[in-house]
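Protein chains: 2
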Amino acid sequence: MTAPTTDVFFDFLCPYAWRGIELAAVLRGQGHAFRLRHFSLVQGNHEENGGKEGVVWWLTDQPLGEGSPYQRNSLAAFLAAHAAAQQGEELHWAFTLALFRAVHEHKKTLDEAAIAEAAQIAGLNLEAFAAARADEAGLRASLRADLAEAAEIGVFGTPTFVLPDGSAAYYRFENLTRDPETALVWWNLYGEVLRSSAGIATIKRAKNRPAQKA
Amino acid sequence: MTAPTTDVFFDFLCPYAWRGIELAAVLRGQGHAFRLRHFSLVQGNHEENGGKEGVVWWLTDQPLGEGSPYQRNSLAAFLAAHAAAQQGEELHWAFTLALFRAVHEHKKTLDEAAIAEAAQIAGLNLEAFAAARADEAGLRASLRADLAEAAEIGVFGTPTFVLPDGSAAYYRFENLTRDPETALVWWNLYGEVLRSSAGIATIKRAKNRPAQKA
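Sequence order for the protein chains is X and L.
Under my numbering, the first residue of the first sequence carries the number 3, and numbering increases by one thereafter.
Under my numbering, the first residue of the second sequence carries the number 3, and numbering increases by one thereafter.
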């Protein structure tokens, strides 16, 4: 029997997504099942995508090396992650965590050097990783499937968790935990909000009264 | 001894604020203290107020009877509520609830007829109410104090609750309760989110996976 799976949509650019992925990683250690999915903030915030016709500008239609540093770096990182995913779920998680930590914990740029180092730290088969990365069209198709599903769900920020029951919400929090008990409390509170009979749509801090960092 | 007071910022135009005020009203019956405060959605969403310089366009600077129906009706309702408040806290609450119910439960227009009927249902001294409403400058000053504090806090939607500890967040939910036990559960869950050690900034549903109405 497999546990019901929660999809977590993220962008490597986002420090809140990093904390969300760390949370999910801790929960995986307690038997919870999460699937790594990609949502592009650059695409989501692109001026051409504001209209009623949905997504017009896709990150996956952009050449590597074009656009803003955010665009270039996030596209390269997403494609690399889809290449890493071909080495199995555990190595996909290890690569994702290593790349997130490089950028948001160790404050490195999300570039080729960070990708190479994350691959090494994760323990990927580097030859197979390089070979997988060479199939750019295949990786783009795989990324496009994530981005299309995110658009269908109406993801607008990361991390967004999609629970097995189909409910989905952006969950933004300021603090990092790698403690199993704390992670479970934070996760259960999120689930309680989504399942509440109140039908909670939004809880969001007033602009000048931000959440407190620990 | 008085209970620590939570401020609730609302606009009569907003159905979510209505549910929030009903929730607060039920909790008042259990000894919780809430203070009625006004935030103007028309002002908050006004195109002149998008910049860094804060509020440029104030609802309180607009003549009665000018602008969109939303602007006209909400200004008149706010001023009427400040007049009702002069008859004491309980009658202020009764008037606020009656006016909210007229608009959002009985689907009436937020106009002079609705205000007059709410005053009657609430049991206001109608002569004193009329006299208080005639002091338009005083009511505008009183409303302005609410709007200025909302701007200082960074309120952006209603209902927004400001807890005694200073934390403040928009709390949007789809369902109505007048059941004391349910109200307490919904309220405690909101408080738990604001007090969580995660430092929760936002929980917000994905656009195409809305919260379920009961």
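Rather than coming from a laboratory, the hints here were simulated on the basis of the structure.
Keep in mind that the hints are not guaranteed to be accurate.
Just so you know, same-sequence chains aren't split out, so a pair can sit in one copy or run between any two.
Claimed, not checked - Under the rule of at most 20 Å between Cα atoms (straight-line distance), these lysine to any residue pairs were calculated in the SDA-like manner:
| # | residue 1 | residue 2 |
| --- | --- | --- |
| 1 | Lys110 | Leu15 |
| 2 | Lys110 | Gly168 |
| 3 | Lys109 | Arg74 |
| 4 | Lys206 | Gly156 |
| 5 | Lys54 | Ala150 |
| 6 | Lys209 | Gly53 |
| 7 | Lys206 | Leu196 |
| 8 | Lys209 | Glu49 |
| 9 | Lys110 | Ser70 |
| 10 | Lys109 | Ile123 |
| 11 | Lys206 | Arg74 |
| 12 | Lys54 | Glu138 |
Comparing the hints with the structure gives:
no. : hint             : result
1   : Lys110 to Leu15  : within (11 Å within a copy, 48 Å between copies)
2   : Lys110 to Gly168 : neither (35 Å within a copy, 36 Å between copies)
3   : Lys109 to Arg74  : within (18 Å within a copy, 51 Å between copies)
4   : Lys206 to Gly156 : both (18 Å within a copy, 11 Å between copies)
5   : Lys54 to Ala150  : within (16 Å within a copy, 35 Å between copies)
6   : Lys209 to Gly53  : between (26 Å within a copy, 14 Å between copies)
7   : Lys206 to Leu196 : both (14 Å within a copy, 9 Å between copies)
8   : Lys209 to Glu49  : between (24 Å within a copy, 18 Å between copies)
9   : Lys110 to Ser70  : within (17 Å within a copy, 51 Å between copies)
10  : Lys109 to Ile123 : within (16 Å within a copy, 61 Å between copies)
11  : Lys206 to Arg74  : neither (31 Å within a copy, 28 Å between copies)
12  : Lys54 to Glu138  : neither (30 Å within a copy, 43 Å between copies)
Comparing the model with each earlier hint shows violations of hints 2, 11 and 12; every other hint is respected.
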